[in-house]
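For the protein sequence lines, the chains are A and B, in the order given.
Note that this note's numbering numbers the first sequence so that position 15 is 15, with each residue one more than the last.
Note that this note's numbering numbers the second sequence so that position 534 is 1534, with each residue one more than the last.
Note that these hints are calculated values from the structure, not bench results.
Please note that the accuracy of each hint is not assured.
List time: in silico DSS-like cross-link candidates among lysine-lysine, alpha-carbon distance up to 30 Å [unchecked claim]:
id, chain 1, residue 1, chain 2, residue 2
1, B, K1274, A, K113
2, A, K96, B, K1075
3, A, K59, B, K1274
4, A, K77, B, K1187
5, A, K144, B, K1222
6, B, K1233, B, K1159
7, B, K1298, A, K113
8, A, K77, B, K1233
9, B, K1298, A, K96
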Amino acid sequence: MRRRSFLKGLSAVPALALLGNVQLLAEAKKAKPKSKNAISFKKALEVVTGGKGAKESDKVQLIVPEIAENGAVVPVKVNVDVPIEKVKSIHILTTKNSNARAADVFLTPRNGKAYFATRIKLSGTQNVVAVAVLKDGSAIMASKPVKVTIGGCG
Amino acid sequence: MNIDRRDFLHIAAALGLLGVSGGKLHAKKRADELKADDILEFDPVGKVTLLHICDMHAHLKPLYWREPSTLISAKNLVGTPGFLCGEAFLEFYGIEPNTLEAYFDTYLNFEELAKKFGKMGGVAHMKTIIDEIRRDRGKDNVLLLDSGDTWQGTAVALKTRGEAIVDAQNYLGVDVMVGHWEFTYGKERVMELLDMLEADFVSQNIVDNDPFSDTFEETVFKPYTIKEVGGAKIGIIGQSFPFTSTANPKRFTEGWSFGLRLDSLQGYVDELRKEKKVDCVVMLSHDGFSVDQEVARKVRGIDFILSGHTHDPGPRPITINGTTIIIAGSHGKFVGRLDIDIAKGKVKNFAYKLIPVASKLIEADKKGVELVEKWYKPYNKELMQTIGKTKGTLYKRDTFYSTFDALIGEAIRDRMDCEIAFTPGYRWGTTLLPGDDILVDNVYEMTAITYPEVYTFELKGARIAQLLEDIADNVFNPNPLYQQGGDMSRLTGISYDIKVNAPTGKRISNLKVNGKELDPNRNYVVSAWGGNLQNAGEKLREDKIKPVYDVVTEYVKRKGTIDISNRSNVNVLDVACGCPKKGGVC
Chain A
1 MRRRSFLKGL
11 SAVPALALLG
21 NVQLLAEAKK
31 AKPKSKNAIS
41 FKKALEVVTG
51 GKGAKESDKV
61 QLIVPEIAEN
71 GAVVPVKVNV
81 DVPIEKVKSI
91 HILTTKNSNA
101 RAADVFLTPR
111 NGKAYFATRI
121 KLSGTQNVVA
131 VAVLKDGSAI
141 MASKPVKVTI
151 GGCG
Chain B
1001 MNIDRRDFLH
1011 IAAALGLLGV
1021 SGGKLHAKKR
1031 ADELKADDIL
1041 EFDPVGKVTL
1051 LHICDMHAHL
1061 KPLYWREPST
1071 LISAKNLVGT
1081 PGFLCGEAFL
1091 EFYGIEPNTL
1101 EAYFDTYLNF
1111 EELAKKFGKM
1121 GGVAHMKTII
1131 DEIRRDRGKD
1141 NVLLLDSGDT
1151 WQGTAVALKT
1161 RGEAIVDAQN
1171 YLGVDVMVGH
1181 WEFTYGKERV
1191 MELLDMLEAD
1201 FVSQNIVDND
1211 PFSDTFEETV
1221 FKPYTIKEVG
1231 GAKIGIIGQS
1241 FPFTSTANPK
1251 RFTEGWSFGL
1261 RLDSLQGYVD
1271 ELRKEKKVDC
1281 VVMLSHDGFS
1291 VDQEVARKVR
1301 GIDFILSGHT
1311 HDPGPRPITI
1321 NGTTIIIAGS
1331 HGKFVGRLDI
1341 DIAKGKVKNF
1351 AYKLIPVASK
1361 LIEADKKGVE
1371 LVEKWYKPYN
1381 KELMQTIGKT
1391 KGTLYKRDTF
1401 YSTFDALIGE
1411 AIRDRMDCEI
1421 AFTPGYRWGT
1431 TLLPGDDILV
1441 DNVYEMTAIT
1451 YPEVYTFELK
1461 GARIAQLLED
1471 IADNVFNPNP
1481 LYQQGGDMSR
1491 LTGISYDIKV
1501 NAPTGKRISN
1511 LKVNGKELDP
1521 NRNYVVSAWG
1531 GNLQNAGEKL
1541 REDKIKPVYD
1551 VVTEYVKRKG
1561 TIDISNRSNV
1571 NVLDVACGCP
1581 KKGGVC
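Just chain B, same shape as in the assembly (with noise of 0.2 Å):
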């Protein structure tokens, strides 16, 4: 471990470890023994502990995830806790630049801290966590609860369609979850590994899709559970992706329904309350942070919402009318202990600490190196072929730009002799620090779904036009019940101007493809992957329909050394920078 005292009076200070006594002699004697002690230490709080992880996107073994360098929202959002980065993030929260928890929570000084702090996550340093707070609570006391999107991200996972994770879960015990990317593998598939899952499955908003379905309230699965921990009886509601069928293709739930429901979200909470009489309702969920912010206001009687979706690394909880929310990140970055002190029937008190799984300073759990041993080794050969280099940084994130995703237009637009390339704005992936191999596992972690297909086909201008202010309204729109949650999608081959701020269908202007003004009677070749689009296409190209991996690797493999420009191809009007403190304006 390469730490020394100077950073470890950083770590101990970001985690609050140095108590009234100053301990500096303490800090001396436990600088080089630093361990997973110092970052698990918590004051206890009630008999109750909930652990929360959400949006592990299947990454089993630790990795560098760069936090966003630009969040933009639309102005009432501004400086809110889900649309926060940088140094409004830090100003937030409290946070000391340059320590492990700056590091793991935002992009600053991103390269150098890699260096020192090492990747993040992994299952085994996560079971590392959860075992020690298990030990330390008692078992019995303690619930694992997963907010989903946790079996898609990487080879490993698309390989076994979804069961290497479900092994990972079982193993980390979790006991509850909740789903998004999960039902990208179908129906089917959905069912077959929930039979393997030893957690409970829970959904309140997911019914079947005919007329009299929502009448009677048919939920999909069981829309609660409730567990008996430390003494007091916990009810945890489920709530899956409200827009699974419009964010990914309806066919892999054909005959479910979706959507928030808040309405039998609110009967739930009162039928937990009034008729099994818990003493605590929880809300699993996988809705966002801003989206879960909405729900607090709008019902009542909910505890706490341990949210998910949107990958906020969330430091602190808030408590909106009398609901708390927490999110701990994305990619296995974090676990969430929450400890509740529960008397008479009610929530008493509780305390949070969303603790940093730093790779490099807690000890991995054998049983869990093995386990990822054994689903890596049969696809070691081709996952661990270093295809080229890259020179600069290749993240994932931000609004409109990001070095990995232009790779990936690069790549398509290279094969595929399109004009313009379209990449989803996801917010999951991998970092790449600069002058590392990539490996083809790197771009698995970038593009492992279930749909991989490039389409090609073509659009009029006027259509691209119009597909962008929808996809714009879906992100920018002030209300967060009408967001998806993700980031713009990433165009190659075109440039505009945005006014973030402007009305629905108004925000758009100065588009240009490849230099040139856009006409809006031409058609345009297009590429696209990972979503919808091709649908609103025509002339499609069936014989040049490829997996986005496949054309990734293929580019990558002939070009060798990847140096990625940092220059964004979109010009906001209306704001200013790239992490907007509050006051709307930066």
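This is chain A alone, in the form it adopts within the complex (with noise of 0.2 Å):
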């Protein structure tokens, strides 16, 4: 799809995206190390699910690069492919950032699709991990490592 063709379908589709980033910048204003904002990701994960953890699925599609390009914004997709009406959240975690968690993204069935896009901080090489909340308490998850490098030897 084009940008344009974007924009004149836009009340159509919803813009979930605009939603991530004004999150993200709250978040990344307080990752700061040893802040008292710092929660781990195993925390983090605990919060987000209830305490239940979260099951690996294909059915979250995450995608990031492999290598940053810059690690101040490095941007996620995630797509979940399972019915709006069942899913609630859909949350952004780092494994190493001092705040893992990067995004929350509630969801209403009028989103039309279970996909968000923003762009997170990372502090350094970890693995990205996006969780789907479903209405039924249960969640799914997928996971990638992102590297965050100086480069300059290619």
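Got two chains here, each in a separate frame; can you build the complex from them with the hints?
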């Protein structure tokens, strides 16, 4: 789809990405080492899944670059292959940021599709994890490593 | 031509020229008239021919280029194509030692064979091969595809800001290309040069770097092109170097975002097959040979990947999951010929040959000679100047250490008064034989980049150790998708031990600076060029910034005779030899 056709169809298609960016900014500001907002990945996963944890599933498609071009703005796309009526929220977590919670997105059926794209900050090489919490209380997830490097030896 | 019958038999055997009928007479008859015909001999298949070149690095003239004598990788990749050199290479591909092919593909006996077989590549010689195949197959049945790293690597390229090379590509008749070092001329210059270039530039993996481009797949260039050749529709998807913005300075491509983008790649493959109904899907790639083997494992429906970036000569195609991958070495040493038989919308059969551009055996096309002369003329006075002589072979490549890099490191240390010098692990350059004069042109062949500045700054010991680990992880990562395809940065003033197969961040030990153990808390004076290292340092010495080619030229002039040791400053702990064979341990 080209941007033009997207803009034309804006009323029909939900602009989910906007939501994420706002959330992200707030999170990024908080992400200072050892801040009072520091939260580990383990704890964050517990919080978003209500202590139940999440199962790896290929229904969650996570698209991230293999090597970040800029660790401060790493593009992340999540598509959850589950009818929107059954999806409550999508969460993007990181395994090594001092604040592991990068974005929380709560969905309604009017979003049309459980899809979300944003950019997150990564403090170094680590895994990015996308968690989808379903309305039945269960959670599914996908995880991918992203390398943050100074590069320059190609 | 100083090729006797014995040499011819070597060449003929290597190239499979001697038929079942033995051909003793045949060979005898032709021994003293050995020409392009013999090297070009090919049993044609189908109607379509794709000619492939990659990583020419702007070498308009023939040169010597010695392949690596050390090529170390993570354990799981040892002995696989992309990580083969020397005897392991000969064994894998079934090549006889001391043949023309062995000379082109390995470092073995290089100096002796160089005298016998002469220089490699050159656009005038490439053109003879390309024209002959076009004549033979019919020009409408042949495409010439260029996997990039074509515009950069020599003084004429740098001084004409790429124009000389684009002129040469038009002369060769390049039809489609992708890029990597091309981008280091900067976005605006790239666009100017692409206007001059008569080929299509395609790339599915470069998009505008704004939050929405990704989502809407707004590629900067056409993602693919469709060519009608030999009665078939061929879809050619472009894949430029995925890590351009991390491997080279970001400022050249500000606003563009790269990456492998395998999801959109799959999308374009499907689009070509289902909507555009092409008969054959080709990916013209600058991913690197090992990365493209991963791509073949992950993406469905590509018939052929024409790879580049890692400079591997690939005498035989490899097929993974129905995708066949070829790669044609570097520096203009080879032209790959791929014949394809297409019927009923499908690839039925193919045949491949990696043709060595042996400049002593293949006649130069006159127009090419004139073209090269034309572009060199304004610079000959500077470039043909002899500034010194080398005692031993000066070469680039190898995983940790090579003599030409050691010379550059020595020159930087001498001139910049630093404790440690970093030289990048690029895989392009040149080779000089023992006793050869060193020309200014040769220095440029090793250093001609648009960001030649040698920076001198301070780096904390702990940071140096961390950076080396980071670089080692780009080279030795067991997953090819996380490698960037270069060799390890070269260090002068530092020695270290390395365990290639240790986990990330734990590979390097026994770091010594000029013989003393590295102090993690002390600041060291470091000089570096060709990378982003200066961004990690502090107290940059602004008054000392100087182009690396000037630093090296001045040093060689002053020294006169260059004598560089073959001894590496890196001690590999877990792998025993230069060119490991299959099985993990040498």
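These are the hints, each one checked on the structure:
no.: 1; hint: K1274(B) - K113(A); in the structure: 25 Å, holds
no.: 2; hint: K96(A) - K1075(B); in the structure: 27 Å, holds
no.: 3; hint: K59(A) - K1274(B); in the structure: 25 Å, holds
no.: 4; hint: K77(A) - K1187(B); in the structure: 27 Å, holds
no.: 5; hint: K144(A) - K1222(B); in the structure: 29 Å, holds
no.: 6; hint: K1233(B) - K1159(B); in the structure: 39 Å, violated
no.: 7; hint: K1298(B) - K113(A); in the structure: 26 Å, holds
no.: 8; hint: K77(A) - K1233(B); in the structure: 34 Å, violated
no.: 9; hint: K1298(B) - K96(A); in the structure: 27 Å, holds
In this structure, the hints that do not hold are numbers 6 and 8, in rising order.
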